[in-house]
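Q: Sequence:
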Amino acid sequence: MDSKNKRVLILGISGTFGRYVAQALEDKGWQVKTMMRDVKKLPIQFEGIEVVQGDASNYYDVKLATKGVTMLVYGVNPANYDWENKALPWLDVSARVAEEQGLTIIFPGNIYNYNPDRIVWYENTDGQGTFGAEQIIT
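Per my numbering, residue 1 is the first one in the sequence shown, and the count goes up by one each step.
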């Protein structure tokens, strides 16, 4: 993929998953863009990237934010783990936009392996490093 097509929209850049994927993509030469409800919460290491104000639950906000990108990284996580009422409807918005625009969408199947401080480690737990992120990015 040439560099002009390496533009990505990160939803959830202030969270652990979104932040690490954004950094890995930047390191690989991708142009990173994000959409946030509160642009003041942009992690300091991403000052200078394109930031669009919007809400991941709003179809039109997501559609507008994806203009010019080829990939959407979905790292949104509802407060208080309100999966039933928020997580699936929010994901549906991004999935619809990605499908309509022919975007690649990256979605973590399980968020619990991204914060080592919150994981209960067992003797046979397979550690999660950055290797997986490197594999999807290259």
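Hints listed in this document are in silico derivations from the structure and should not be mistaken for laboratory results.
Ideal Cβ placement from N, Cα and C applies to all residues, glycine included.
A portion of the hints provided could be inaccurate.
[As the list claims (entries may be wrong)] Mimicking DSSO-like on lysine-lysine, the simulated pairs with C-alpha atoms at most 27 Å apart in a straight line are:
1. Lys86 with Lys28
2. Lys40 with Lys67
3. Lys40 with Lys6
4. Lys6 with Lys63
5. Lys6 with Lys41
6. Lys6 with Lys28
7. Lys6 with Lys67
[Unchecked claim] With beta-carbon atoms standing in for the labels, derived distance ranges:
8. Thr104 with Asn58: 27 to 33 Å
9. Pro78 with Lys28: 27 to 33 Å
10. Asn5 with Asn85: 35 to 41 Å
11. Tyr81 with Lys28: 20 to 26 Å
12. Gln101 with Pro78: 22 to 28 Å
13. Glu26 with Glu100: 24 to 30 Å
Q: Please go over all the hints and tell whether each is borne out by the structure.
A: How the hints compare with the structure:
Between the alpha carbons of Lys86 and Lys28 the distance comes to roughly 32 Å, so the proposed pair goes past 27 Å and is violated. Simply put, Lys40 and Lys67 have alpha-carbon atoms about 22 Å apart, close enough for the 27 Å limit, and the pair holds. Pair hint Lys40 plus Lys6 holds up; C-alpha atoms about 25 Å apart against a cutoff of 27 Å. Pair hint Lys6 plus Lys63 holds up; C-alpha atoms about 18 Å apart against a cutoff of 27 Å.
Restraint check for Lys6 and Lys41: satisfied, since their Cα atoms lie roughly 24 Å apart, inside the 27 Å limit. Of the pairs offered as hints, the one joining Lys6 and Lys28 holds, with about 9 Å between alpha carbons and a cut-off of 27 Å not exceeded. The straight-line distance between the Cα atoms of Lys6 and Lys67 is roughly 13 Å, inside the 27 Å bound, and the hint therefore holds. The given range of 27 to 33 Å is broken by Thr104 and Asn58, whose C-beta atoms sit roughly 21 Å from each other.
Between Pro78 and Lys28 the CB atoms are about 29 Å apart, so this pair conforms to the stated range of 27 to 33 Å. For Asn5 paired with Asn85, a C-beta distance near 36 Å keeps the hint of 35 to 41 Å intact. Between Tyr81 and Lys28 the beta carbons are some 31 Å apart, a value that contradicts the proposed interval 20 to 26 Å. At about 24 Å, the beta-carbon gap between Gln101 and Pro78 stays in the expected band of 22 to 28 Å.
Take Glu26 and Glu100: their Cβ atoms lie about 26 Å apart, and the range 24 to 30 Å holds.
Checked against the numbered hints listed earlier, the structure breaks hints 1, 8 and 11; every other hint is satisfied.
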